[in-house]
Amino acid sequence: MNPVALPLNYNLVQLLELRACVFLHCCSSSLHFTKLICLFVCLFCSGVKDGKFTVLQLVEALGSSLTSSQPHTRARGVLLLSEVLQECYRDLTEREVEVLIAFYENRLKDHYVVTPPVLKGLKELTKCTNLPPGSAVSMLRSVFQDIHVQVRLSYCCTFKGLGADFVFGFVQSMDGERDPRNLLLAFQIAKNLIHRGYELGKFTEELFEVTSCYFPIDFSPPPNDPHGITREELVQALRAVLTGTPNFAEFLLPLLIEKLDSDVQSAKLDSLQTLAACVSQYEHKHVAEFLQGLWTAVRREVFQTSSERIESAGLAALTALTSCLSRSVLSSDSEDSLSTFLDFILTDCKHHLCEPDLKLVWPSAKLLQAACSASTSASHIITAAVMPSLLEQYNNRAQCSHRRTLLEVVQRFIHSVKNYESVFLAFRESLCGVVFSALSENNSSLQITATSVLTSLAQQAGLLLESDIELALDHLTRLLLIEEDDRVSLAVAECAGALAQLHPALVISKLIPRLKNEMYTGKLLKISCILGTGTHTSSVYVTWPSCLFRAHESRPRGGDVSFSVDEVVLTCRSLQRIAEQVQDTEEAGRCFHNIIIPHLLSLALQAALQGEKGSVKGLTSFILRHQNSFNLNLLSITYELTDFHPLSPEATTASRAVSLFLDGDVSFLPDNSFPSHMQLLKGDSWSLSRLVCLLMGSVCSLPRSVEVPQIDKLLSALEEMSCTCSHPLSYTSAAKCFAGLVNKKPQGDSLDSCACPQVSKALLLRYHPLFTTLTDKLFSLLDDAGLGPMAAADGFSLLMSDSTDVLNRACHADVRIMYRQRFFSENKAKLVQGFNAAPQEKKPNYLKALSNIVNKLPKQVQVTELPALLSLLLEALSGPDQDIHLTTLSCLEPVLVNPPQVLIQQLEALVNRLLALLCSPAMSVRIASLSCISALSYFPVLPFRARVLRALAKPLDDKKRLVRREAVQARAQWFLLGSPGGR
Amino acid sequence: MSEGTRLENANPVIFQRSGDRVQTASEEDEDVHDPIDDREIFDLIRSINDPEHPLSLEELNVVEQVRVKVNDAESTVGIEFTPTIPHCSMATLIGLSIKVKLLRSLPDRFKIDVCITPGTHASEEAVNKQLADKERVAAALENASLLEVVNQCLSTRSI
Numbered sequence: 001m002n003p004v005a006l007p008l009n010y011n012l013v014q015l016l017e018l019r020a021c022v023f024l025h026c027c028s029s030s031l032h033f034t035k036l037i038c039l040f041v042c043l044f045c046s047g048v049k050d051g052k053f054t055v056l057q058l059v060e061a062l063g064s065s066l067t068s069s070q071p072h073t074r075a076r077g078v079l080l081l082s083e084v085l086q087e088c089y090r091d092l093t094e095r096e097v098e099v100l101i102a103f104y105e106n107r108l109k110d111h112y113v114v115t116p117p118v119l120k121g122l123k124e125l126t127k128c129t130n131l132p133p134g135s136a137v138s139m140l141r142s143v144f145q146d147i148h149v150q151v152r153l154s155y156c157c158t159f160k161g162l163g164a165d166f167v168f169g170f171v172q173s174m175d176g177e178r179d180p181r182n183l184l185l186a187f188q189i190a191k192n193l194i195h196r197g198y199e200l201g202k203f204t205e206e207l208f209e210v211t212s213c214y215f216p217i218d219f220s221p222p223p224n225d226p227h228g229i230t231r232e233e234l235v236q237a238l239r240a241v242l243t244g245t246p247n248f249a250e251f252l253l254p255l256l257i258e259k260l261d262s263d264v265q266s267a268k269l270d271s272l273q274t275l276a277a278c279v280s281q282y283e284h285k286h287v288a289e290f291l292q293g294l295w296t297a298v299r300r301e302v303f304q305t306s307s308e309r310i311e312s313a314g315l316a317a318l319t320a321l322t323s324c325l326s327r328s329v330l331s332s333d334s335e336d337s338l339s340t341f342l343d344f345i346l347t348d349c350k351h352h353l354c355e356p357d358l359k360l361v362w363p364s365a366k367l368l369q370a371a372c373s374a375s376t377s378a379s380h381i382i383t384a385a386v387m388p389s390l391l392e393q394y395n396n397r398a399q400c401s402h403r404r405t406l407l408e409v410v411q412r413f414i415h416s417v418k419n420y421e422s423v424f425l426a427f428r429e430s431l432c433g434v435v436f437s438a439l440s441e442n443n444s445s446l447q448i449t450a451t452s453v454l455t456s457l458a459q460q461a462g463l464l465l466e467s468d469i470e471l472a473l474d475h476l477t478r479l480l481l482i483e484e485d486d487r488v489s490l491a492v493a494e495c496a497g498a499l500a501q502l503h504p505a506l507v508i509s510k511l512i513p514r515l516k517n518e519m520y521t522g523k524l525l526k527i528s529c530i531l532g533t534g535t536h537t538s539s540v541y542v543t544w545p546s547c548l549f550r551a552h553e554s555r556p557r558g559g560d561v562s563f564s565v566d567e568v569v570l571t572c573r574s575l576q577r578i579a580e581q582v583q584d585t586e587e588a589g590r591c592f593h594n595i596i597i598p599h600l601l602s603l604a605l606q607a608a609l610q611g612e613k614g615s616v617k618g619l620t621s622f623i624l625r626h627q628n629s630f631n632l633n634l635l636s637i638t639y640e641l642t643d644f645h646p647l648s649p650e651a652t653t654a655s656r657a658v659s660l661f662l663d664g665d666v667s668f669l670p671d672n673s674f675p676s677h678m679q680l681l682k683g684d685s686w687s688l689s690r691l692v693c694l695l696m697g698s699v700c701s702l703p704r705s706v707e708v709p710q711i712d713k714l715l716s717a718l719e720e721m722s723c724t725c726s727h728p729l730s731y732t733s734a735a736k737c738f739a740g741l742v743n744k745k746p747q748g749d750s751l752d753s754c755a756c757p758q759v760s761k762a763l764l765l766r767y768h769p770l771f772t773t774l775t776d777k778l779f780s781l782l783d784d785a786g787l788g789p790m791a792a793a794d795g796f797s798l799l800m801s802d803s804t805d806v807l808n809r810a811c812h813a814d815v816r817i818m819y820r821q822r823f824f825s826e827n828k829a830k831l832v833q834g835f836n837a838a839p840q841e842k843k844p845n846y847l848k849a850l851s852n853i854v855n856k857l858p859k860q861v862q863v864t865e866l867p868a869l870l871s872l873l874l875e876a877l878s879g880p881d882q883d884i885h886l887t888t889l890s891c892l893e894p895v896l897v898n899p900p901q902v903l904i905q906q907l908e909a910l911v912n913r914l915l916a917l918l919c920s921p922a923m924s925v926r927i928a929s930l931s932c933i934s935a936l937s938y939f940p941v942l943p944f945r946a947r948v949l950r951a952l953a954k955p956l957d958d959k960k961r962l963v964r965r966e967a968v969q970a971r972a973q974w975f976l977l978g979s980p981g982g983r
Numbered sequence: 001m002s003e004g005t006r007l008e009n010a011n012p013v014i015f016q017r018s019g020d021r022v023q024t025a026s027e028e029d030e031d032v033h034d035p036i037d038d039r040e041i042f043d044l045i046r047s048i049n050d051p052e053h054p055l056s057l058e059e060l061n062v063v064e065q066v067r068v069k070v071n072d073a074e075s076t077v078g079i080e081f082t083p084t085i086p087h088c089s090m091a092t093l094i095g096l097s098i099k100v101k102l103l104r105s106l107p108d109r110f111k112i113d114v115c116i117t118p119g120t121h122a123s124e125e126a127v128n129k130q131l132a133d134k135e136r137v138a139a140a141l142e143n144a145s146l147l148e149v150v151n152q153c154l155s156t157r158s159i
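Sequence order for the protein chains is U and C. If you count by full-length UniProt numbering, then the first sequence holds residues 1 to 983, one letter each, in order. If you count by full-length UniProt numbering, then the second sequence holds residues 1 to 159, one letter each, in order.
These aren't lab readings, by the way, just hints derived from the structure by calculation. Since no wrong hints were added, every one of them can be taken at face value.
Pairwise CB distance ranges, derived in the manner of DEER restraints:
(1) C:126 with U:264: 33 to 39 Å
(2) U:939 with C:24: 32 to 38 Å
(3) U:401 with C:69: 22 to 28 Å
(4) C:17 with U:467: 37 to 43 Å
(5) U:947 with C:152: 21 to 27 Å
(6) C:126 with U:181: 56 to 62 Å
(7) C:73 with U:882: 28 to 34 Å
(8) C:69 with U:950: 25 to 31 Å
Covered stretches of chain C, going by a simulated chain U footprint (3 or more residues, C-beta under 8 Å):
(9) 23–30
(10) 51–58
(11) 107–118
(12) 148–154
Computed from a predicted structure; not experimentally measured. Note that CB positions come from ideal geometry on N, CA and C, so glycine has one too.
Using the sequences and the hints, build the whole thing.
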């Protein structure tokens, strides 16, 4: 049937009637209905628009269906009409609109299935430009009278601009509503009413009453709630209504004061947050009469609270209130409400600051600081009232603990006004006096507090004079040189670092030269700390490293001068920090690559050579003895440098390193007394061979774009070394270096397979096709009696863990995302099969491999994979191997925080296994098992309570204190389970 | 002030908390036997919450390490606690919390004695007698509302 093809110029009404009938009888199924309605709407609309017939004629034509005895037929008729109206409401005359409104209002009384299309039609009619006067109100009245609330609410947001009548209608309709869905909608509508400037008129209080009766929201969604409405959504929606307009102030503020007195914590919190939100819209006249009440309520919460969240909400509300008062423009006759309010605060809080050992000193200070941070004027008033007495107190008190508390309070004040300059100008001199006297005090915690006060003062722009900084630097230098307490030194160094950032020139001219002179006296720790925290100035980082070297070289080589290993390591560490700090400047890059790294390489090489000869002296002997940590530091330095100058200096370093290691080319090293043609990669001596880790540092950190010279030769030398060398550090470094190079080799190059986990990892990271062969090899090793338990099972751990030195993104390795998940999903079946097929004595190897793999998976994956693996993991817990126990427990523990359903079903088995492990001979297993048991107490485990409590009595008497501590915690949790006041 | 009507001692003196126990190498050694010492017992009770203030018993100086005596070999523990004011009505409750915490955390073999520091409370003797009476302690813990308060003192604070 093609209705469009029917001729239109015939007897219009008849034709329309005919079509309407066809339409209504054809659409027996809803599928047909939707298709057909589109066609008909199209057709009728074009007819109306072309003026071939009018809408009223259409109504007439639809007559039979609109008056049908079947409500569904009526609904279809109305829907068709409404759809047509949607298309052609612009073409309606005023008379037509009037008739249609009358028709629709009448239809509102019809059966409920007719209501939705009726409302749709009314909605379309409101869009008409020529709405007859008064029709909107009558429309609204009918809507509010006849329609049940749930339907109504979803439509009434479309009636705009209808004034107070609409508000009143809305108020009536929402009154007594209980359904959270409707409430959420109602709150949103109320918010729109307020924000879009509806005239609330005499219904302001009604609108407030009808919404505020839900405050504070007390709603917990039923379990399995399909609508997913949360308490937080309702709270936010209601808060937006209540705080939406200053017209509510006179009703809202008394309500908040009342609710703050409630015993329910969430009510207090909600009230304070609402208070903070509402005053941002208010002026002083809105809050003036409630100030006393609000202050008393907020003070009570901060003085007495047991909850940090309420305390911080109270302080935030106080700040908001103060800044509201500070914002207002005062007229000449109105009272200065800001100073009135601050007077309340000062009267109640100031005297507590004079009792530095009592509880209320901190709450009082926090309240004052909250007010202080609100505005410049508030901070001036409060500091003027408080600071003199604080400083006087400091000078009068003799006890260091009192002085420290006072100093801490002062520091918090400085911090709270950090956005307002010049507040402390008046106190500059006395503050400096107090800080310097505290720095000269012989009490370490006082000194530490003083350094942080000094930092805060220095960070206040324009406060301290240059002479103050100089004096401060004198104090800091003195402390750096004489202070023995590490905590003080660290605090002083941090402060000096902060000063160095703010006043680099002063620090370079005053502090650094004096420290350089003292460099021999073992103060490197402190100096390196300063370098670590500040000084971005190029002159410092370029001159400093050379100072360090000179310091070392000028020491006599020989004799029994004691070099402390810490110093050497710290030198390297401070170099490393500099490398971290320096920005990408060419100067720094050249300095490191041309001077520092060759220097360090040379030192390392010297040490290694002398170690071979057995005649080691001075610095080199120390480097030798502590070669590993030295090399590792050097390694980190080279890593830090990889991010800049991808082509120039560092490529040179790499090619130099390669030629040094492959060809024995020593020409670039500064102290050139080395024998030529050394065989660094072939020697039997471990002192030389372990230098390979330096090669690793130089070549593996290169970006992928840089080509490593002689790569094939290098690879084969490394492969041989990793297979033949017997020194662990050497062969792992060689393997790592090999892996690092392989990872970056372009795809398609030939790669010899070799069953080394490092290499497998290099390939796994980049999804290399060859990887599967290597994994299979690794799996087959699990069955190998000799290698299985150790090498292969641990190899999986290596495969899955993050590599700290070579194979990571910082070293530009090719690391694909989710390589762990991919590995796991490809291999879990193999693992489970292998386990089932393996003879009994080989099973532990598989379990170990499994627990190593699962341990490293991201938690989401663990949770989803757990169901399949749980029985294997439980099996792993019952074996004899302590290492397996430990890795399995560490897989389980994070999963226990939010356990999947399958675990809950296996609780019995899990509890049994865990309790059995309490007797493990390894204390780490006992501890891990206890912490799992502790986590279990949050599950539905009430039936196990008595048994677990009995079992936990034994570890309370464990011989190890750490086990007892864990047992005490676990047992306390289980005691609270199902007990009043517990959980 | 309004809080004065609610709390017996609204503005008590606050004391510094001691830091965490420093872990020693011997504690990590599997073979060494770590005896239960005063500090270990003190660590058990110092974090108990005060029933009135959001502060621990250590911060209010109600318990001090010098007033903890333990003899691991003879399996005895003696603790003296000091109420913040001599008429503190919470003294029994605090004593009970300490006692319950130790009953839950120590092996059965210990005999636990909790009493008020001599001369610091008006009804010292009565409180001590209550705390020493096994049956009365057991009866007190049968009382659900009392147990609730004790459990709250022993819970780690949230919110």
